[in-house]
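Based on the sequences and whatever the hints tell you, model everything.
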Amino acid sequence: MSNNTEDTEQIKKIKAGDVRTASRLIRNLEDELPEAKTTLKRIFLHTGKAHVVGITGSPGAGKSTLVDAMISAFRKKEKTVGVLAVDPTSPFTGGAILGDRIRMQRHAEDAGVFVRSLATRGALGGLSKAVGDAVHVLDVMGKDMILIETVGTGQQEVEIINHSHTVIVVLVPGMGDEIQAIKAGIMEIADIFVINKADRDGSNQLANELMSMLNMAPAFPGGWRPPVIKIGSCFEPQTFNQSVDELATAIADHYRCLEETGLLGDRMKRKAMVEIGEALRDAILTPVLREMTESGEMDAIAERILKRESDPYTIAEEVAGRYLK
Amino acid sequence: MAEKRIRIMVAKPGLDGHDRGARILARAFRDAGYEVIYTGCHQTPEQIASAAVQEDVDLVGLSCLSGAHGYLFPRVVELLKEKGADDITVIGGGIIPDQDFQKLYDAGIKEIFTPGATLDSILDWIKNNLKPRD
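Residue numbers (this note's numbering), protein chains in the order written: chain V, 10 to 334; chain F, 956 to 1089.
By construction, these hints were calculated from the structure, which means they are not laboratory data. There's no promise every hint is true.
Taking lysine to any residue pairs in the SDA-like style, the calculated list, with each CA pair at most 25 Å apart, reads [claimed, not checked]:
no.: 1; chain 1: F; residue 1: 959; chain 2: V; residue 2: 287
no.: 2; chain 1: V; residue 1: 50; chain 2: F; residue 2: 1088
no.: 3; chain 1: F; residue 1: 959; chain 2: V; residue 2: 41
no.: 4; chain 1: V; residue 1: 58; chain 2: V; residue 2: 284
no.: 5; chain 1: F; residue 1: 1082; chain 2: V; residue 2: 40
no.: 6; chain 1: V; residue 1: 334; chain 2: V; residue 2: 285
no.: 7; chain 1: F; residue 1: 1086; chain 2: V; residue 2: 40
no.: 8; chain 1: F; residue 1: 1065; chain 2: F; residue 2: 983
no.: 9; chain 1: V; residue 1: 50; chain 2: V; residue 2: 288
no.: 10; chain 1: V; residue 1: 88; chain 2: V; residue 2: 53
no.: 11; chain 1: V; residue 1: 21; chain 2: F; residue 2: 1088
no.: 12; chain 1: V; residue 1: 85; chain 2: V; residue 2: 237
no.: 13; chain 1: F; residue 1: 1082; chain 2: V; residue 2: 103
no.: 14; chain 1: F; residue 1: 1086; chain 2: V; residue 2: 42
no.: 15; chain 1: V; residue 1: 58; chain 2: V; residue 2: 20
no.: 16; chain 1: V; residue 1: 22; chain 2: V; residue 2: 89
no.: 17; chain 1: F; residue 1: 959; chain 2: V; residue 2: 291
no.: 18; chain 1: F; residue 1: 1038; chain 2: V; residue 2: 16
no.: 19; chain 1: V; residue 1: 22; chain 2: F; residue 2: 959
no.: 20; chain 1: F; residue 1: 1086; chain 2: F; residue 2: 1030
no.: 21; chain 1: F; residue 1: 1038; chain 2: V; residue 2: 26
no.: 22; chain 1: F; residue 1: 1038; chain 2: V; residue 2: 119
no.: 23; chain 1: V; residue 1: 88; chain 2: V; residue 2: 246
no.: 24; chain 1: F; residue 1: 1082; chain 2: V; residue 2: 130
no.: 25; chain 1: V; residue 1: 46; chain 2: F; residue 2: 1088
no.: 26; chain 1: F; residue 1: 1038; chain 2: V; residue 2: 84
no.: 27; chain 1: F; residue 1: 959; chain 2: V; residue 2: 42
Here it is, written out as structure tokens:
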């Protein structure tokens, strides 16, 4: 075994920004290959430098087009950009169409931009299980900005807050009446609201509803009141790009606010706790489930439950009692 | 559980906006359980090769109905090689005359499907020829 503090060839390449090595590592992490986990352990200590921005909103709200424009805005400021775009996996076949990239292909030849599509592979919450790992890889590659685009979300896919410093919720006019704006869930997680396709009817009404929702908020942590940014049609490039620049400025302002108020530490800590939770689940629950499945115990238990000889709760306690001493 | 999943990119190089076939294929690959990245139309070979490496796909399926396959297809293979990604299999399809096949095979295109090819024949080819990465 080589010296643990010395970088392997693979890690050196990733640090130097080598796309092929990094994308293969992301893939091995997605496929949960054990050697990828070993590499992740070694690169983790080099992470934590990038500004991670989450973009979420309903299907067709314009997230990918917006991400495409944000890439351009950040590139103008000479920042390098990594994008993780998540699309859903079919619950029936396990297949997926990853189509977010279509909107971002004009950046394909820019060496300062790395776009990677991920399928959810059964994960709930709007992301894929490997997103957190992939963020670390892009971070080690030296990307200044990492943009995570969630699947098209509904009301409560809020997983994105565990992975980003800044969350952008993208809304479009016509989403429903004002009750939608006071519901719990996705409307609570925004650091920045975007009203996209704001050239359409109803954008003023939506802006008013958001304003009155925000006016009722008891307090804003760190004094950050989420701005509401209207972005019109992407077919009107001049005004569109102006609005996207405004959004890029708001994103930078938010990061500064997090740094100045110490909230950045809180968010990093929340992310760390989620990561520990996930790693523990992998380390504890996964092997238990595998053992029970392979030994045939799982089958036997299911039979007992079907015959109503026992219930899942008692059995879970029994199994836990056996493993947790 | 650890499993090496297969990822496929469907791409349309060149000045050709007819992507109905490409989209049907993307859908068929999805239904066969593959993860499919679709790049959209009007892509340069450079964009396609670069995206294929970023996405780390096993297979690139090129669709071209414009007649420019003689340049576009080999160029994608060439660029992948330059990027050290010649392990990515490239196949092609579209309106491609019989007399062009050999030149494309020689350039590294592994298989060619023309109008009339059934979805099953394409899926079978993938199943029989595409192995999960090392």
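Going through the earlier hints one by one, which of them does the structure break, listed in rising order?
Hints that this structure does not satisfy do not exist here, as all of them hold.
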